[in-house]
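Chemist: Following the working numbering, the numbering of the sequence shown begins with 1 at its first residue and continues without gaps.
The hints are simulated quantities; they were obtained by calculation from the structure and are not laboratory data.
Just so you know, even glycine gets a beta-carbon here, dropped at the ideal spot from N, CA and C.
Be careful, since some hints might not be right.
What the hints assert, rightly or not - FRET-style restraints, in silico, Cβ to Cβ:
{"hint": "1", "residue 1": "A115", "residue 2": "H211", "range": "33 to 39 Å"}
{"hint": "2", "residue 1": "P19", "residue 2": "R229", "range": "38 to 44 Å"}
{"hint": "3", "residue 1": "A112", "residue 2": "P9", "range": "40 to 46 Å"}
{"hint": "4", "residue 1": "G201", "residue 2": "V5", "range": "31 to 37 Å"}
{"hint": "5", "residue 1": "A206", "residue 2": "V5", "range": "22 to 28 Å"}
{"hint": "6", "residue 1": "A33", "residue 2": "G199", "range": "42 to 48 Å"}
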Amino acid sequence: MAARVLTHPPFDDRAGVFPDRPEAGLFLGERLAASGIAFAGAVVLAIPNGGVPVGLAVARRLRLPCDVVVVRKLQIPGNTEAGFGAVNLDGEVVLNTALVAELGLGPPDIEAEAARVGRELAAREALLRGDRPLPPLAGRTVILVDDGLASGYTMLAAIGLVRQRDAAVTVVAAPTAPRTALFRLADVADWLVVPLVCGPGPFAVARAYRHWRDLTVAETAAMLGAFAREGTQPPGPGAGPPTTKEGAKR
1 MAARVLTHPP
11 FDDRAGVFPD
21 RPEAGLFLGE
31 RLAASGIAFA
41 GAVVLAIPNG
51 GVPVGLAVAR
61 RLRLPCDVVV
71 VRKLQIPGNT
81 EAGFGAVNLD
91 GEVVLNTALV
101 AELGLGPPDI
111 EAEAARVGRE
121 LAAREALLRG
131 DRPLPPLAGR
141 TVILVDDGLA
151 SGYTMLAAIG
161 LVRQRDAAVT
171 VVAAPTAPRT
181 ALFRLADVAD
191 WLVVPLVCGP
201 GPFAVARAYR
211 HWRDLTVAET
221 AAMLGAFARE
231 GTQPPGPGAG
241 PPTTKEGAKR
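Please take these sequences and the hints and turn them into a complete structure.
Modeler: Here's what the structure looks like:
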């Protein structure tokens, strides 16, 4: 598989392109709407926390249901900001094998971190979804949304989860990413829609935004609750466009 890649070259390597996550999601939604991708029966799955306001804006623009897919990076010992891979709710572990070797991490280190993150995933899933299961994905187009892709391993874990559930088409959508992440995902996604692409050198998702802060699980849950109260249909096979309030932007 080789993904079709849609970017926006005027944005390449720029800083502060997007005012905030919701505005980035609106722009991303416009790019998706013009892409020619068939969205009948599709569902948006956002990666918490930062991907949720982006994903909700995409869902509103495309008039699609939105849910979350909970995945987490595996943290490098002593560095909470960097990861050596990621894990999803199925327990699938995706590793940056070159970095694992460089760090000298062995199977016990990886297993211990995967177990710790797995417990975090279960707790976050309970807070954001409760007893509600992941929507049926078999035969559907799934749009996976985050606020940016750094290494790409977290998104790889999300792709693994939706592929395991027989999604027909996987669309990865994020406002910004380095080219290395696009190369990493190109063989496992059907579409990559990333307006702001950055070249070699240090990369930070926050650099794409003029206003940036970390979000809490409580804030994310409140956003999802507000979206549900707009009257959006629950995700389901063959679901048509949801009936959202006219003019809702946030």
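Chemist: Of all the hints numbered above, which does this structure not satisfy? Sort the numbers upward.
Modeler: 2, 4, 6
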